[in-house]
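> First to last, the sequence lines map onto chains X and E.
Position one of the first sequence corresponds to residue 1 (my numbering), numbered consecutively onward.
Position one of the second sequence corresponds to residue 1 (my numbering), numbered consecutively onward.
Misleading hints may appear alongside valid ones.
With a cut-off of at most 27 Å between alpha-carbon atoms, the simulated DSS-like pairs for lysine-lysine come out as follows [stated by the list, open to error]: (1) X:K48 <-> E:K109; (2) X:K343 <-> X:K243; (3) X:K29 <-> X:K64; (4) X:K110 <-> E:K44; (5) X:K64 <-> E:K48; (6) X:K115 <-> E:K29; (7) X:K110 <-> E:K29.
Beyond 12 Å from chain E on every Cβ pair, some chain X residues (computed) [to be verified]: (8) L25; (9) I34; (10) T38; (11) T135; (12) Q172; (13) E179; (14) A196; (15) S214; (16) N222; (17) K247; (18) S331; (19) L334.
In case anyone wonders, no lab produced these hints; they're calculated from the structure.
All figures in this text were calculated on a predicted structure; none of them were measured in a lab.
Where a beta carbon is used, it is the ideal one built from N, C-alpha and C, also for glycine.
Protein chains: 2
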Amino acid sequence: MAKRKPVSIRDVARESNASLTTVSLVLNKRDGRISSATRERVLKAVDKLGYVPNRLAQSLQAQKSGFLAILVPELRHVFADPYFGELISSIEEAANEAGYKLLLEVAHKKDIEQKRHVELFQRRFVDGLLCLGSTNRDEFLGDFVGSDNAVVIVNNHLPALSLNSVMCDYRQAGVLAAEHLIDLGHKEIAYIHGAAEVQTASDLRESFEARLASSGIKMPKNHAADGLYTEEGGAAAAAQLLKTNPKITAIMAGNDKMAIGAIAGLKNAGLSVPNDVSVVGCDDLQPSIYADPPLTTIHTPLDEVGHRACSAVLALFDGKQDRVTETLPVSLTLRNSTCGPRKIR
Amino acid sequence: MAKRKPVSIRDVARESNASLTTVSLVLNKRDGRISSATRERVLKAVDKLGYVPNRLAQSLQAQKSGFLAILVPELRHVFADPYFGELISSIEEAANEAGYKLLLEVAHKKDIEQKRHVELFQRRFVDGLLCLGSTNRDEFLGDFVGSDNAVVIVNNHLPALSLNSVMCDYRQAGVLAAEHLIDLGHKEIAYIHGAAEVQTASDLRESFEARLASSGIKMPKNHAADGLYTEEGGAAAAAQLLKTNPKITAIMAGNDKMAIGAIAGLKNAGLSVPNDVSVVGCDDLQPSIYADPPLTTIHTPLDEVGHRACSAVLALFDGKQDRVTETLPVSLTLRNSTCGPRKIR
DNA sequence: ACGGACAGATAAATCCTTTTACTTCCTAAA
DNA sequence: TTTAGGAAGTAAAAGGATTTATCTGTCCGT
Numbered sequence: 001m002a003k004r005k006p007v008s009i010r011d012v013a014r015e016s017n018a019s020l021t022t023v024s025l026v027l028n029k030r031d032g033r034i035s036s037a038t039r040e041r042v043l044k045a046v047d048k049l050g051y052v053p054n055r056l057a058q059s060l061q062a063q064k065s066g067f068l069a070i071l072v073p074e075l076r077h078v079f080a081d082p083y084f085g086e087l088i089s090s091i092e093e094a095a096n097e098a099g100y101k102l103l104l105e106v107a108h109k110k111d112i113e114q115k116r117h118v119e120l121f122q123r124r125f126v127d128g129l130l131c132l133g134s135t136n137r138d139e140f141l142g143d144f145v146g147s148d149n150a151v152v153i154v155n156n157h158l159p160a161l162s163l164n165s166v167m168c169d170y171r172q173a174g175v176l177a178a179e180h181l182i183d184l185g186h187k188e189i190a191y192i193h194g195a196a197e198v199q200t201a202s203d204l205r206e207s208f209e210a211r212l213a214s215s216g217i218k219m220p221k222n223h224a225a226d227g228l229y230t231e232e233g234g235a236a237a238a239a240q241l242l243k244t245n246p247k248i249t250a251i252m253a254g255n256d257k258m259a260i261g262a263i264a265g266l267k268n269a270g271l272s273v274p275n276d277v278s279v280v281g282c283d284d285l286q287p288s289i290y291a292d293p294p295l296t297t298i299h300t301p302l303d304e305v306g307h308r309a310c311s312a313v314l315a316l317f318d319g320k321q322d323r324v325t326e327t328l329p330v331s332l333t334l335r336n337s338t339c340g341p342r343k344i345r
Numbered sequence: 001m002a003k004r005k006p007v008s009i010r011d012v013a014r015e016s017n018a019s020l021t022t023v024s025l026v027l028n029k030r031d032g033r034i035s036s037a038t039r040e041r042v043l044k045a046v047d048k049l050g051y052v053p054n055r056l057a058q059s060l061q062a063q064k065s066g067f068l069a070i071l072v073p074e075l076r077h078v079f080a081d082p083y084f085g086e087l088i089s090s091i092e093e094a095a096n097e098a099g100y101k102l103l104l105e106v107a108h109k110k111d112i113e114q115k116r117h118v119e120l121f122q123r124r125f126v127d128g129l130l131c132l133g134s135t136n137r138d139e140f141l142g143d144f145v146g147s148d149n150a151v152v153i154v155n156n157h158l159p160a161l162s163l164n165s166v167m168c169d170y171r172q173a174g175v176l177a178a179e180h181l182i183d184l185g186h187k188e189i190a191y192i193h194g195a196a197e198v199q200t201a202s203d204l205r206e207s208f209e210a211r212l213a214s215s216g217i218k219m220p221k222n223h224a225a226d227g228l229y230t231e232e233g234g235a236a237a238a239a240q241l242l243k244t245n246p247k248i249t250a251i252m253a254g255n256d257k258m259a260i261g262a263i264a265g266l267k268n269a270g271l272s273v274p275n276d277v278s279v280v281g282c283d284d285l286q287p288s289i290y291a292d293p294p295l296t297t298i299h300t301p302l303d304e305v306g307h308r309a310c311s312a313v314l315a316l317f318d319g320k321q322d323r324v325t326e327t328l329p330v331s332l333t334l335r336n337s338t339c340g341p342r343k344i345r
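Build the full structure now, drawing on both the sequences and the hints.
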């Protein structure tokens with residue numbers, strides 16, 4: 001299988017007895033000044049030779065790659081996480097729509113150390129970058145502050161760095177979740193939180209606690225536990241919380257994953273959800289539908305976030321916009337993991 | 001924020017009073033014939049100007065893009081599916097290791113109609129292509145047969161098309177699952193299958209039924225139902241199967257997703273898993289661990305598949321290999337969704 | 001018959017690197 | 001003194017497209 005030499009615009013020019021310029025003009029429909037006879041000749045040659053323009057040459061000349069990169073953290077099987085998956089899917093839709101292709105970038109430590117993330121732009125790999133799962137610890141993102149690179153933080157924001165972002169309103173999420181539990185009559189409420197270095201996680205927790213407080217419900221220190229953003233962590237946290245504080249009747253988790261883990265942990269401890277303990281999640285990803293019981297959770301419009309983030313990064317690249325910070329409203333999705341508190345224990 | 005003009009090798013040459021060639025030689029370490037004084041001058045200039053080579057120009061000249069594409073089917077939220085996610089993660093690892101970047105391609109119908117998948121190569125977008133979730137209906141893959149493009153079908157094979165592939169042994173999977181249920185003493189066994197146009201799905205089913213048959217266990221037509229490769233489908237299929245054939249004591253599902261759905265469907269119908277009905281899945285993806293009960297399933301080494309598929313596509317591109325068909329062994333992962341059949345009903 | 005306008009087409013520059021094929025200048029051997 | 005050979009370096013081509021500036025003609029008006 002010898003590699004056939006690909007046809008170039010030169011071959012088309014020769015075949016059709018026209019100049020490179022003419023061929024290029026015809027192909028790019030800037031052919032106002034080309035006679036239809038010539039145009040036909042050129043198109044026939046293109047067809048005959050099966051010519052397709054080499055996009056490396058095009059990009060080199062146009063000074064744009066036509067690629068956007070998606071940067072995800074270096075976690076085990078990160079792409080198998082439906083949170084990232086849903087975002088990626090929606091970004092892909094929008095990118096495809098706009099004629100862009102998507103590059104996958106994992107923030108491998110060694111790449112970051114070598115400033116590969118900056119090279120992504122310098123070396124013309126991409127026109128824009130969408131950062132998923134960023135945390136306050138990702139200092140390398142500072143390299144983009146003040147640069148003219150089109151970078152958008154997706155579904156998060158970093159108070160320490162002035163960067164563009166498109167995200168859900170996690171403060172509103174906290175309020176909605178709190179109000180739901182308050183409305184159901186819960187008083188002894190616990191919280192399973194994700195990593196503190198994720199700003200939206202802090203936002204969620206703070207607003208949740210603040211809303212409880214404003215209704216006179218206090219959350220002591222020992223009513224909070226770290227769920228490590230994993231099912232295992234959620235399960236362990238739930239088990240421990242109820243062991244330490246048997247009076248707890250409801251648990252809010254920082255995301256669906258931990259909530260689902262929490263349900264498993266509670267069941268394991270012989271408790272029934274929601275009859276003994278109500279559980280609320282946050283994200284509303286597909287697995288929450290198939291949880292047992294199906295999870296009551298805060299719906300975050302990740303599709304919308306993905307689409308807007310993609311539009312934003314393109315607007316930035318095109319210079320149509322200078323700065324983007326969008327916050328999208330969330331809502332409560334009621335399923336079967338919550339009910340009123342048990343009367344007596 | 002005006003876009004700064006990027007530094008090119010020209011600027012470095014000027015700054016260091018050397019020729020383009022010299023700079024290039026130094027940068028590419030083919031500098032045997034460059035004096036160390038000159039080398040130093042060049043490197044200093046590179047450093048001072050912050051020069052990084054433009055990879056579009058490099059790729060254009062080298063006639064290779066340094067990209068591999070991952071082609072996935074056009075399914076809603078395809079990236080949120082942990083099956084694809086796990087494969088993508090492992091492919092990414094291998095690609096990164098080899099210095100390659102990954103491009104995401106969704107097989108959108110309109111793109112396929114326009115032969116965009118072939119253009120991926122013709123236009124030098126990628127050096128190789130990894131096809132996930134392909135089916136016997138994907139006739140467009142025929143465009144790659146006999147071409148010199150580096151294309152690998154990942155975790156599947158297409159009998160109608162002579163293409164490279166790396167996959168798990170789904171025939172062995174069927175045998176292992178069947179033997180497990182036979183060993184437990186089951187006689188009334190049902191099957192929830194995925195799409196018939198997925199070859200490995202047929203392989204799995206056929207070998208499963210054949211193994212049962214060789215132990216004298218027949219599976220009548222009405223012991224099989226389509227689970228549509230979704231949780232919902234699995235749930236519906238399980239419910240229907242048990243309604244029609246109340247004597248069924250075990251169900252094998254074509255993948256974990258349908259198995260988890262089946263468990264939900266059975267529970268919903270008031271049946272207990274595994275005490276009333278055993279359920280076996282196939283894939284061994286993360287959610288199967290957190291199913292309730294944790295799912296007994298066939299472990300398919302997707303990580304290994306991803307790694308090997310990536311190596312294969314690179315070997316093909318480099319011309320080190322002409323044809324690849326690998327089949328990797330699977331194993332049974334025992335969890336709690338199976339036990340012996342209930343005695344009486 | 002001459003200048004201007006316009007249609008149709010093209011040569012050459014540009015984007016940025018790598019690589020091939022020299023050119024110079026020395027040194028050491030004959 | 002010539003000459004072969006090595007060391008150090010560079011001009012130019014190639015890779016494939018787009019775009020700018022320019023060049024022929026032709027036709028019209030005066």
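> State for each hint whether it applies.
Here is how each hint holds up against the structure:
no. : hint              : verdict
1   : X:K48 <-> E:K109  : holds (26 Å)
2   : X:K343 <-> X:K243 : holds (18 Å)
3   : X:K29 <-> X:K64   : holds (20 Å)
4   : X:K110 <-> E:K44  : holds (24 Å)
5   : X:K64 <-> E:K48   : holds (25 Å)
6   : X:K115 <-> E:K29  : holds (21 Å)
7   : X:K110 <-> E:K29  : holds (22 Å)
8   : L25               : holds (20 Å)
9   : I34               : holds (24 Å)
10  : T38               : holds (25 Å)
11  : T135              : holds (19 Å)
12  : Q172              : holds (24 Å)
13  : E179              : holds (29 Å)
14  : A196              : holds (24 Å)
15  : S214              : holds (35 Å)
16  : N222              : holds (26 Å)
17  : K247              : holds (26 Å)
18  : S331              : holds (19 Å)
19  : L334              : holds (19 Å)
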